[in-house]
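Novice: Given chain A, work out where chains B and C should sit, using these hints.
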Amino acid sequence: VQEEFSLGELAVRFGLTLRGEPGLKVRSVATLSRAESGGLSFLANSRYRRQLESTRATAVLVNAEDEAHCPVAALIHPSPYLAYARIASLLHPTSSPAPGKHPSAVISSSAHIAASANIGPLSVVEDDAEIGDRVTIGPGCIVQHGARVGADSVLVSRVNLYPGVTLGQRCMLHAGAVVGADGFGFAPDAGSWVKVPQVGSVRIGDDVEIGANTTIDRGAIDDTVVENGVKLDNQIQVGHNVVIGAHTAIAACTGISGSTVIGQRCMIGGMVGFAGHLTIADDVVVTGCSLVSASIKKPGSYSSGMPTVETRLWRRMVAHLRRLDGQEK
Amino acid sequence: VQEEFSLGELAVRFGLTLRGEPGLKVRSVATLSRAESGGLSFLANSRYRRQLESTRATAVLVNAEDEAHCPVAALIHPSPYLAYARIASLLHPTSSPAPGKHPSAVISSSAHIAASANIGPLSVVEDDAEIGDRVTIGPGCIVQHGARVGADSVLVSRVNLYPGVTLGQRCMLHAGAVVGADGFGFAPDAGSWVKVPQVGSVRIGDDVEIGANTTIDRGAIDDTVVENGVKLDNQIQVGHNVVIGAHTAIAACTGISGSTVIGQRCMIGGMVGFAGHLTIADDVVVTGCSLVSASIKKPGSYSSGMPTVETRLWRRMVAHLRRLDGQEK
Amino acid sequence: VQEEFSLGELAVRFGLTLRGEPGLKVRSVATLSRAESGGLSFLANSRYRRQLESTRATAVLVNAEDEAHCPVAALIHPSPYLAYARIASLLHPTSSPAPGKHPSAVISSSAHIAASANIGPLSVVEDDAEIGDRVTIGPGCIVQHGARVGADSVLVSRVNLYPGVTLGQRCMLHAGAVVGADGFGFAPDAGSWVKVPQVGSVRIGDDVEIGANTTIDRGAIDDTVVENGVKLDNQIQVGHNVVIGAHTAIAACTGISGSTVIGQRCMIGGMVGFAGHLTIADDVVVTGCSLVSASIKKPGSYSSGMPTVETRLWRRMVAHLRRLDGQEK
Chain A
626 VQEEFSLGEL
636 AVRFGLTLRG
646 EPGLKVRSVA
656 TLSRAESGGL
666 SFLANSRYRR
676 QLESTRATAV
686 LVNAEDEAHC
696 PVAALIHPSP
706 YLAYARIASL
716 LHPTSSPAPG
726 KHPSAVISSS
736 AHIAASANIG
746 PLSVVEDDAE
756 IGDRVTIGPG
766 CIVQHGARVG
776 ADSVLVSRVN
786 LYPGVTLGQR
796 CMLHAGAVVG
806 ADGFGFAPDA
816 GSWVKVPQVG
826 SVRIGDDVEI
836 GANTTIDRGA
846 IDDTVVENGV
856 KLDNQIQVGH
866 NVVIGAHTAI
876 AACTGISGST
886 VIGQRCMIGG
896 MVGFAGHLTI
906 ADDVVVTGCS
916 LVSASIKKPG
926 SYSSGMPTVE
936 TRLWRRMVAH
946 LRRLDGQEK
Chain B
626 VQEEFSLGEL
636 AVRFGLTLRG
646 EPGLKVRSVA
656 TLSRAESGGL
666 SFLANSRYRR
676 QLESTRATAV
686 LVNAEDEAHC
696 PVAALIHPSP
706 YLAYARIASL
716 LHPTSSPAPG
726 KHPSAVISSS
736 AHIAASANIG
746 PLSVVEDDAE
756 IGDRVTIGPG
766 CIVQHGARVG
776 ADSVLVSRVN
786 LYPGVTLGQR
796 CMLHAGAVVG
806 ADGFGFAPDA
816 GSWVKVPQVG
826 SVRIGDDVEI
836 GANTTIDRGA
846 IDDTVVENGV
856 KLDNQIQVGH
866 NVVIGAHTAI
876 AACTGISGST
886 VIGQRCMIGG
896 MVGFAGHLTI
906 ADDVVVTGCS
916 LVSASIKKPG
926 SYSSGMPTVE
936 TRLWRRMVAH
946 LRRLDGQEK
Chain C
626 VQEEFSLGEL
636 AVRFGLTLRG
646 EPGLKVRSVA
656 TLSRAESGGL
666 SFLANSRYRR
676 QLESTRATAV
686 LVNAEDEAHC
696 PVAALIHPSP
706 YLAYARIASL
716 LHPTSSPAPG
726 KHPSAVISSS
736 AHIAASANIG
746 PLSVVEDDAE
756 IGDRVTIGPG
766 CIVQHGARVG
776 ADSVLVSRVN
786 LYPGVTLGQR
796 CMLHAGAVVG
806 ADGFGFAPDA
816 GSWVKVPQVG
826 SVRIGDDVEI
836 GANTTIDRGA
846 IDDTVVENGV
856 KLDNQIQVGH
866 NVVIGAHTAI
876 AACTGISGST
886 VIGQRCMIGG
896 MVGFAGHLTI
906 ADDVVVTGCS
916 LVSASIKKPG
926 SYSSGMPTVE
936 TRLWRRMVAH
946 LRRLDGQEK
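Protein chains in written order, with our numbering: chain A, 626 to 954; chain B, 626 to 954; chain C, 626 to 954.
Read the hints as simulated data drawn from the structure, not as lab findings. Glycine residues also receive a C-beta, built at the ideal position from the N, C-alpha and C atoms. Check the hints yourself; a few may be wrong.
[Claimed, not checked] A short, non-exhaustive set of chain A residues, derived as facing chain C with CB atoms under 8 Å:
#  : residue
1  : 765
2  : 785
3  : 803
4  : 809
5  : 818
6  : 822
7  : 838
8  : 840
9  : 842
10 : 846
11 : 847
12 : 860
13 : 915
14 : 916
15 : 917
16 : 932
[What the hints assert, rightly or not] Simulated crosslink set (DSS-like; lysine-lysine; CA at most 25 Å straight-line):
#  : chain 1 : residue 1 : chain 2 : residue 2
17 : C       : 650       : A       : 820
18 : A       : 726       : B       : 726
19 : A       : 650       : B       : 820
20 : B       : 650       : C       : 820
21 : A       : 726       : C       : 726
22 : B       : 726       : C       : 726
Next up, chain A with everything else stripped away, as it sits in the complex:
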């Protein structure tokens, strides 16, 4: 049974202006088009006003401009999406497991585990690992020797922390994430390769989220660093000695080659490829599927890639490009 909250209570608690009956109650979030009685929805983009006008939600979070179009109770905030994020956390709270260690977990006697932490079934915590207060180590996770997990962090399931990596507080890591595997370092030796030991580690700040199957390699000598507040989507690859600045968000499938330094508050689209040894300024936006092969020194939005066209037109464009080049030879 989900708890109910009155609009008046929400308005007070979250600093919203209410236009409507304060006693009305909501109990879950909903999209504008599917909301029913008891549902709270939001309009984050005026493009979807038509959906607002026909919604059956009990109340909608809107900004002042869209409020006139809201046919039901309106909770007004300059950033309806931000207000939504906060209220959704209230309406749909996540439950933490009770403190304790599942009997099937394999835990070293030299590991330091806070009494308030939960160690899930079939997980492994090796020698000298440190698990902070109220941490959740979900089922199937592996925390190798000397790795540290800061207070209130959650390793959802099947997360793998290699030896010595450190994780800050309030982090969330999703299934299949691997932190601290060897960077890709090999020295050429007469037609074959000699492995370069990867003796650095990975340091991850506070409030970092890491998506499913994302991989972050340990440094070759110094550490790979992910600063506070960074948000990484699924299947991202972070090479050795990369630094990702605070509060940067990166969408899925992006790959960052070794030693590249990305600034703070950047927004990187999905499937972007970064060459190695680059420096990307703060406040840079890179749109999806771009190839970043040189440093970016100024804030702003950057792109590359040719959008899809019909295959027969594409063949002609490719032929053109080749001819263009031919003319210059």
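Specialist: The following block gives chains B and C in isolation, referenced to the frame of chain A:
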């Protein structure tokens, strides 16, 4: 020891026309070039006729056009590859493990597990999960609370189903697949990010195959949906609230951003990137490595990207493109 | 406590020319800019000479050309990076776990496990698997029936070998790697798909390294092959029946479609997409984010893709390309 089948028996069972001795027997599949006595091969593309002409297979599946070039017994079918798929399943049957629960599995007492299901070693089945008839949950899998797996589905190994996701019948999920991790949703708040709870789920239809290390995120509010008969290769990323239409096949490493809707019977190449909030029509083909940044409204084949050339030519093409732009400034 | 080595000892052992005091001792590797007393650094690229000139390392590995710029003891070698790789392995040795089987591992009685091997906690070794001398099977690994692991190989953690795959000697596989999942093979049948059984296997040679969350599919009929000395970074996808020639190195996130054959000693950048059924010559270099849609017959360096520019310029370039095409219609 593999079972043998006579060509006559195969012709009757699979509706094939036999040109050759019905009593000849085959016991395994083989490529045209490596086949030996007892081998059954196929020719799906006339380009490989030369291999047909020198094959030592006992019999070959061909279409009527290629039959004249077959130097050995011919099993004739309009779609030799389809006939091959069916016969290969007969010659190389997969064995299901016997019903039962491995003693090392950690299974909640509130989980509903069919008596005919097999729960493999070191797997986890949490509270209220439902495991259907004849389901195989392989080693190291994690089925979180309330997740449901339909009859005859197979989770090969190390598959991770998050809470509440549902899987239809006869699905096959490969190692490392993650279904139901949080979508990538964060609201900006004065230079940092506030997590948007992802309260939707994932609904997967019948006869869906999901490749190794593929990730399918749960919806932000409504569900992410993968319809019946969809085939997903390895390392695909499916964002929150994506819908993939029935019988669409997607090759490896493709990423689909949030809320994009892909039609039925589409064929999507590998490493294709889809922007978010797009609509792709039914029966669309997208070739590999394309960037789909706008909706596609008509069936047909679509492409983008510049194929590889020698690096020194490529540098000139890039310079050209930059100059083209400069002339317009 | 790390062991110390004198420069004289290192010079003799690794064939280096020493300019400096043979009795000086080093105990760990360090970057030029962060090295302190006891640190050994290297200069692999003259571009970083400025860092050399201000280093506080006890000694630096340099080539003969850079030696004059070294303000501290110099260990001279034609390939400082190669010498560094070897010495770093001496200064930072990895410790192998003692032989034995963790009691939480689930090991078939029909598996053949060398007495000198280590089987880690919560791992699974199925029927008829073969684990060679001094092999390490880390925590959470799954070795399915009949899979073979050659002597001195290491499966770090959570590695998944499907049935029947074979691994050579001295291989290293990182967390989340999946070897031998089904290739992506489906035959069209009136708007839906029939699975084509993938009856081949995967054969991996000696001295192969496979990165975290990389996937290598089993062959459709014949085997997928990775030859000796191949180095694969993280999140690489290798389709069924691909052959990767000896000593080829491939950076992260690259995808290779089915049946493509890559030559020996190639160097493939990150996020490269290979179409299927191609042949790539020996000694080919492909730069990152390229789309390889045709075979490459000659050694050399190949590239594609448009590097990132400011988004507003990019929009104009895309418009140009479309117009170019329009003019030809």
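Novice: Now tell me if each hint is right for this structure.
Specialist: These are the hints, each one checked on the structure:
1. The restraint placing residue 765 of chain A at the interface with chain C holds, with a minimum CB-CB distance near 7 Å, inside the 8 Å limit.
2. For residue 785 of chain A, the interface hint holds, the least distance from its beta-carbon to any beta-carbon of chain C being 4 Å, beneath 8 Å.
3. Hint status for residue 803 of chain A relative to chain C: holds, with the closest Cβ pair at about 4 Å, below 8 Å.
4. With 8 Å as the threshold, the beta carbon of residue 809 of chain A comes within range of chain C, its nearest partner Cβ sitting at about 4 Å, so the hint holds.
5. At a threshold of 8 Å, the smallest CB-CB gap from residue 818 of chain A to chain C is about 6 Å, leaving the interface hint in force.
6. Because the beta carbon of residue 822 of chain A sits about 4 Å from the nearest beta carbon in chain C, less than 8 Å, this interface hint is met.
7. Interface hint at residue 838 of chain A: satisfied, since its Cβ lies 5 Å from the closest Cβ of chain C, which is below the 8 Å cut-off.
8. At about 4 Å, the closest approach between the beta carbon of residue 840 of chain A and any beta carbon in chain C falls short of 8 Å, and the interface hint on this residue holds.
9. Taking 8 Å as the C-beta cut-off, the interface hint given for residue 842 of chain A holds, the closest approach to chain C being about 7 Å.
10. A least Cβ separation of about 5 Å between residue 846 of chain A and chain C falls short of the 8 Å threshold, and the interface hint therefore holds.
11. The beta carbon of residue 847 of chain A is positioned within 8 Å of a beta carbon in chain C (closest approach about 6 Å), and the interface hint is therefore held.
12. For residue 860 of chain A, the shortest C-beta to C-beta distance to chain C is roughly 7 Å, which falls under 8 Å, so the interface hint holds.
13. Hint status for residue 915 of chain A: holds, given a least beta-carbon distance of 5 Å to chain C, under 8 Å.
14. Given the 8 Å rule on beta carbons, the hint for residue 916 of chain A holds: about 4 Å separates it from the nearest Cβ of chain C.
15. For residue 917 of chain A, the interface hint holds, since its Cβ comes within 8 Å of a Cβ in chain C; the closest pair sits about 5 Å apart.
16. The beta carbon of residue 932 of chain A comes within 6 Å of a beta carbon in chain C, closer than 8 Å, and the hint placing it at the interface holds.
17. The suggested pairing of residue 650 of chain C with residue 820 of chain A holds, with an alpha-carbon distance near 24 Å, which does not exceed 25 Å.
18. About 23 Å separates the Cα atoms of residue 726 of chain A and residue 726 of chain B, which keeps this hinted pair within 25 Å; it holds.
19. Note on residue 650 of chain A and residue 820 of chain B: the hinted pairing holds, with a Cα-Cα distance of about 24 Å set against a maximum of 25 Å.
20. In summary, the hint linking residue 650 of chain B to residue 820 of chain C is supported, as the alpha carbons are separated by about 24 Å, within the 25 Å threshold.
21. Restraint check for residue 726 of chain A and residue 726 of chain C: satisfied, since their Cα atoms lie roughly 23 Å apart, inside the 25 Å limit.
22. Distance hint between residue 726 of chain B and residue 726 of chain C is fulfilled; the C-alpha atoms sit about 23 Å from each other, no more than 25 Å.
Checked against the numbered hints listed earlier, the structure breaks none of them; every hint is satisfied.
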